[in-house]
Amino acid sequence: MLRAVDWRAVLGASAVGATILVLCAAWPTSGLPLTYARLALIALAGAAAFVLDEPAASAVAAVPVTRGRRTAARSVAVGIPLGVWATGVGALALRHLGTPVRGLLVEGLGVLVLALAGAATSRLAGRDEPGELVASILGAILLAVLLFDPPPHSVPLFPVEAGWAASTLLWAGVAAVAGIVVTATCVDLRLRSWWKLHGAAGWAMLGA
Amino acid sequence: MTAGLRERPAPPVASVALRSLAALEVRRYLRSPLFLIGVGLLVWTTVVAIGDFGQNVGVTDPGDQDFLPAFCLGLLGVFVGHQLTRSLDASEEAIGASPSDGVRRTAALCLACLVPGVVALAWVGWIYAALAVGNIPLSATIGAGARAAMLLSGVVAAVGGPLFGVLVARWVRFPGSPLVAVVVLAGWVLVSTVALALPPSRAGTLLHLSAPLTAWSSADGPRSPAWVAGGSPGWYLGYVLLLCGLAATAALLPSATTPRRGRLLRLLALLGVAALACLTLAVLPDPVRIPL
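Residue numbers (this note's numbering), protein chains in the order written: chain P, 1 to 208; chain W, 1 to 292.
Next comes chain W alone, as it looks inside the complex (with noise of 0.2 Å):
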């Protein structure tokens, strides 16, 4: 018996206890009535959307339906992961005092911030089989990969909006931080926007993929024929994505001590550059605009 036990390697106690934290943190998640609001908001919204899928042909793709779950659970979620952050602060006490430290907790918060992406998921999955049943046509112009690319898009931004306000939570403790960093966010959304005025160019691409949710078709009036922006959704995705592993480690800097502070700046620094460098491959293809 002895021996059996020997050979059976017991799980390490750092990972039990994140996987403990995380799981109370996804429970607290789950519970958040902000949440539970934008799941609702997305259910109505998608409704919505996909009764007018058929209508929209020629004129929008079901692609760009990827700031339904930005909006509902990534820019509602900031209220969220600051929310669970702040909250976290009362107990800061009793929880010293426990094995748990502070890097640990913010890491089980960042893992429950994958709630609103799982739903997001569905999401995805729920466009997809709209598209199937309702046998609504697809414009040739954007590829099933690309597509499937800006979706997924929305989905990483539903899971960057509360790991914003997790980072938000964690370095500034100024009263109405959610709030400007909501508006913070919208407004760098909207301003990539304008970028789609300008005539096409790389610096117009660059202004318009550096947001970390953006639209992808396009029209120059209200009785223009739609048109595609310039970029690389592929290459877009994986700049959003490290993103949302920047907001996580820079999450975790504030409570983390000398040595593996030293490790979270050089893991910052290398996402940093690996997100520039994403941003650039996502930019290089040919700015020119393709009819829808």
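Isolated chain P (complex conformation) (with noise of 0.2 Å):
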């Protein structure tokens, strides 16, 4: 199933993330570039947007594999851009002391779990390929987060030198929402139609 992913605009995306982040760790410059490092997670974001893309659906809607299995399946190729991060802020932790590895690495958990959520979600609404769409949104939101810092400041989204465990709590909760919101778009449809019919009643029901 890994095959049918969109490998040109996971790989593409993910290649220009990692272009960013080689060249924010290789820059010689004092401070942290934390700045570009996270124009890389917005490529990043990119490509996991469109892990979900779907371009032979009407093939695919005739094989006997369930929505959840699919997804599950192609959820993997989100490890590429987690690892990309990963890797590149591990480098960015060689090269500038007192990088602030944990928050990063969640904040990046965060973003690409958020990304996959928004194609998740926009596959359930009947859109075959997601990509383009939740790639665009998202990408002009994180971009417009990053640049004009907007309030409240009390819990910063992109944090600079203050505010990482707030930050960090805060990504670590969308990272969960946002696999939840995964998860429940790929519940079976048969499951999802049973549950309608009988609700909380039936799962009481099953207990006893």
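Quick caveat, the hints were computed from the structure, so don't treat them as lab data.
Just so you know, even glycine gets a beta-carbon here, dropped at the ideal spot from N, CA and C.
Careful, some of the hints might be misleading.
Label pairs and their computed distance ranges (CB to CB) [unchecked claim]:
(1) W/262 with P/98: 56 to 64 Å
(2) P/125 with W/288: 39 to 47 Å
(3) P/90 with W/197: 21 to 29 Å
Some chain P residues flagged as far from chain W (calculated, every beta-carbon gap over 10 Å) [to be verified]:
(4) 16
(5) 36
(6) 72
(7) 102
(8) 136
(9) 165
(10) 180
Both chains come to you apart, so use the hints to assemble them.
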């Protein structure tokens, strides 16, 4: 099922992110180039958004494999942008002592799972190739937040000096909620209609 | 009556077709959700920025607000220009039978990219009105003409973004290409700001001004006095205008047939040389930084 992933988009956007991260690690600067590194994260989010694209949707629909299994198999491909981000953060940590590794890793995880959740939701809504749309919208939002740093500043989305603990907590929450959304969109349609029919009472009966 | 009809010259068919196609594309641009979001974001950020004008006297110049239309209309416009161009692909077969060729359709798209420019021009008017109404003192370091050129470069960036989107859609058939284009553009602008942290030099000014958008005032630290970077805002405005011309001409190339292609290539070379000349002239003035 991984063969069906649009690798041109996933690997292409991951390569752009990797290039930016290599330049960040190699750049001869005393400070941590966080803005540039986060620019790479936007490209990597774009790669994650393309993981669930199904160019041959009509052919795949005839295959007796549930949406859940397909999504689970394809989600493995998010490992590529995630791996690029983790390696990049590691390289930055080697170059700049005091790099908030944990904070950046959780931030990257949150952004990538958010992209995946956006794609999964869009697929559920009937769009077979949600990558372009989700990558555009998420990319524009992330870039706006990165450049304008909108309020409230009590919980910084992309901290530079202070606020790493709050930001890490926030991105961990985003990753968890986005993960739940991805799982919810995978639930088999039959199970969902059963739940619609019987609701909580059905579960109670099963328990009894 | 026949003589009267003969006297009135008929409008050329090509220009009439281009005008009606451009009108259609303008309507599509105006309906684009991302453009409307960008306009909303521009209004909101400008209201916030105008509120801060009084507090920021001596720290930054209103001329540096050019990044607002550049982001809200230009950078988001890359997605709009790309999406409008790619959406034409679906109707390629139907339109292919009509007398309108690919060059004309792309030219109409390029004309529609003037829509964010008109909005950005109105934004410049708003900034000047806010400066006049608020009686905000302006730094004498930056002349009125230079400040106008700085603000107008934001208007040009608002047009340039969508044009770049059309260019990418015409040349690259790569999924995710608009996002990559946006990241590359933002990266180019961010890299150019590195020059502001370097000691003043012509090479530094060249790096600073080569980007399609630039900040003119900066400071050595959070508590240090602000200064204005070297370079000519007027020639820089010419440079970014020519970059727009380059993007539009390059976008027309893929659908052009042999004789027209040759003319477009010559125009592209001419615009490229002119852009380099403008950039050189923008870099030529003394690179020394002047206190704001």
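Do the hints match the structure? See the list:
no.	hint	result
1	W/262 with P/98: 56 to 64 Å	holds (58 Å)
2	P/125 with W/288: 39 to 47 Å	violated (57 Å)
3	P/90 with W/197: 21 to 29 Å	holds (26 Å)
4	16	violated (5 Å)
5	36	violated (6 Å)
6	72	holds (22 Å)
7	102	holds (25 Å)
8	136	violated (5 Å)
9	165	holds (23 Å)
10	180	holds (26 Å)
Hints 2, 4, 5, 8 from the earlier list are contradicted by this structure; the remaining hints agree with it.
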